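Heads up: the protein sequence lines correspond to chains F and X, in order.
FYI, the numbering for the first sequence is 0 to 428, going by numbering that gives the first Met the number 0.
FYI, the numbering for the second sequence is 0 to 428, going by numbering that gives the first Met the number 0.
Hints in this document: simulated from the structure, not taken from any laboratory.
Hints may be right or wrong, so weigh each one.
In the BS3-like style, the derived pairs of lysine-lysine whose C-alpha atoms are separated by at most 25 Å in a straight line are [as the list claims (entries may be wrong)]:
id, chain 1, residue 1, chain 2, residue 2
1, X, 313, X, 377
2, X, 394, F, 394
3, F, 27, X, 394
4, X, 394, F, 326
5, X, 326, X, 394
6, F, 27, F, 15
7, X, 326, F, 394
8, F, 326, X, 326
Remember, it's a predicted structure, so these values are computed and weren't measured experimentally.
2 protein chains.
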Amino acid sequence: MADPSTCPPLTPSSIKGAYTKIQPYIHKTPLVTSRSLNAIASSRDPSAFLSDNPPPFDSAEPDVNDNVDAGQSSDALPRFRLYFKCENFQKIGAFKARGAFHAVTRLIEELGIDEVRRRGVVTHSSGNHAQALALAASTFAIPAYIVMPSISTTSKIAGTRLYTPNVIFSGSTSDEREAVVADVIKEKGAILVPPYDHPDIILGQGTVGLEMEEQLRELSGTGEQSMEGDGARFDAVITPIGGGGLLGGTATFFSSQPDTLVFGAEPSFQGADDGRRGLLQNKRIEHVKSLTIADGLRTPVGVLNWTIVADKSKVEGLYAVSEEEIKMTMRLVFERLKLVVEPSGCVPLAVVLFNTDFRHMVAERQRVSREKHGGADKAYWDVGAVFSGGNTTMKAIATLYGEGKGAKAEREAGTISVDGTKKVEDVAG
Amino acid sequence: MADPSTCPPLTPSSIKGAYTKIQPYIHKTPLVTSRSLNAIASSRDPSAFLSDNPPPFDSAEPDVNDNVDAGQSSDALPRFRLYFKCENFQKIGAFKARGAFHAVTRLIEELGIDEVRRRGVVTHSSGNHAQALALAASTFAIPAYIVMPSISTTSKIAGTRLYTPNVIFSGSTSDEREAVVADVIKEKGAILVPPYDHPDIILGQGTVGLEMEEQLRELSGTGEQSMEGDGARFDAVITPIGGGGLLGGTATFFSSQPDTLVFGAEPSFQGADDGRRGLLQNKRIEHVKSLTIADGLRTPVGVLNWTIVADKSKVEGLYAVSEEEIKMTMRLVFERLKLVVEPSGCVPLAVVLFNTDFRHMVAERQRVSREKHGGADKAYWDVGAVFSGGNTTMKAIATLYGEGKGAKAEREAGTISVDGTKKVEDVAG
């Protein structure tokens, strides 16, 4: 990886620079809106829309007068206009392609294509970063060595093998994986491209924020979803946080726009909310061992990423949701939006729909803002939520939502994860 | 319903007229392309990409020379560029909104809004047409009476109740349902809006073809998927056929363009391929009793629709696929495209991927065309496939793809359908 000391600073303009580099290689994924999701999110009980007898939309359609009437009561509802950034349609099915292409183009810039091709790149990952790096490297005919735990599921190994023949197996602990990576570096001179804890990765992922802002302006121009108040800007953007590359990059992009608050969303299962817990203890939590269905978010926040996440001027706060809330959200996304989003990618919307603290916070800010502007403030918060990836399978869905006895018992015992992996220890990326 | 004798003729220009009327009320759904699906469809064995160890894409990437080398051998592969019309993103989750809005706006035009409001509209359907008519009617504050078999699933009843309070239950046979409809007509003076067998419905559904053609031109302009040969036109368009409204409308739209062939796609399970069988016998088959997972395609082709389907100058042919082929296709759409498309909506792509007759026919036509043009013809067929709807549930997916013993046994015995309905008799729409 490029030496961090040679990297561009973590600023919005560096993200613009990263975007110029990676734009030819990535998809500009759509920013999707949905009136029914707006209504559901702005209703008193979003889970009611998952019942066999959901309420009619009329009753859920946000009515500005409701809030005005509710006045200062704590019963005021949060009002949302949602914008979904569909990175499930990104190359390899997740935002990770952005960071990987940025890391690889920066390496080429710094060392020259010949040296990078001679040495190759290496990483350890059983997830989306593995495929992303293999794709980015193969695009420039650079060898990619991917170290994967031998217990990885067949489909993930096969997915990575689509782009590189060099999949190398290791044990599943951090030490075992890192030993294999060290061997590859020693033997081949390969350059390590970590999944999240590096400026080039963070800047690459930050291009999600850049694109979202651009697309909000375009939408506003077409009147597709009418903007109120002072025009096209997000009141809030919320992304998943695992290692912290996506949240770090997005928060960096919006850091010069104090009116856009950036939030992170985590699963709470088995302590996977290490970010939120770290903020409470005022120090980064270094180890996570969770089998949350949001398998992309099982990692602890990275060292460099933590400096951004813990900076209140960049990240306004972190919120966590339960496994059941993630499942309910995934079902709404599937059945209402007709989109396949993996559990990790559903976590931000789960926070909007189900996290009571988040919803109270939004309602309260909206109340204060209305008072300040004598009721003339905009009635909704325009909230961007990042659907970070779509890499799940029919088999995983059947296990998560099926009534088969075996699957149900295993789920309850916490011994099976959404992708069928039986045992995972703080897997990266 | 408007008296057929007062309806516009079944021509492309009537479809343009229909589009002007319904455009304010429907979504212009996206036309989606996918390099990986192109490669899979153009490979020798598309099902290999569903194995735990799929081949790398390189081996599937269509290579023009392959075909030239294969020369006149019968081994030549068909080569596809696919365009998916995403009616799963349409209002109420299916193309049926188009026909329903056209039927209702035509009624208003003919009888005046006051009379239509006084009398209301009525239909019998347990499927997407029920919701579509209820939505279209409620948009103009017209009462909608929807007759549904009392065995309909809770979610479908609830879906229809979102838009109308007037859901009326009946027995599940045609006779029982029609008796209830007759009662409503007698009592309320309500106007019947049938699900497919009427010119206004056919013209409304035909706007799918109009939009696809427009979007292909736009795509071609941006160079998003490069057009070869004589520019932006479909070599073929393929839609599902149940009652025949969508296929009839689409074939009508392209009827003045002999270079674009229109095909229909059906499930073969338990005789649901009544269209194909009817063509062989040279007469419309009047009854179908199938529990195919493609539950929108369990109906026999309508009388008026049959006149279009049986007209070789409009519909080039019908092809059928098995339940397993539909399931494999739905998995590819879900896992590769990240889209939720209901089984009925996957049937056209299933024909492209798995129907041997269809694939041989395309390869043979491509060979002949190359010979005629001395090898200078375009290398691919540009094929539009309509993803007609996305109304399925997580529960249905878990039943279809799960390993739960009960579900599997019931599936094998053919006693359970994808939506959990236990018994269905030629349900319309």
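Outcome of the hint check:
1. Simply put, residue 313 of chain X and residue 377 of chain X have alpha-carbon atoms about 24 Å apart, close enough for the 25 Å limit, and the pair holds.
2. A distance of roughly 13 Å separates the Cα atoms of residue 394 of chain X and residue 394 of chain F; the hinted pair therefore holds under the 25 Å criterion.
3. The hinted pair formed by residue 27 of chain F and residue 394 of chain X fails the criterion: a straight-line CA distance of about 32 Å is larger than 25 Å.
4. Of the pairs offered as hints, the one joining residue 394 of chain X and residue 326 of chain F holds, with about 12 Å between alpha carbons and a cut-off of 25 Å not exceeded.
5. Proximity of residue 326 of chain X to residue 394 of chain X is assessed by CA-CA distance (about 15 Å); at most 25 Å being required, the pair is judged to hold.
6. The suggested pairing of residue 27 of chain F with residue 15 of chain F holds, with an alpha-carbon distance near 14 Å, which does not exceed 25 Å.
7. In summary, the hint linking residue 326 of chain X to residue 394 of chain F is supported, as the alpha carbons are separated by about 12 Å, within the 25 Å threshold.
8. For a cut-off of 25 Å, the pair hint linking residue 326 of chain F to residue 326 of chain X stands: about 23 Å separates their Cα positions.
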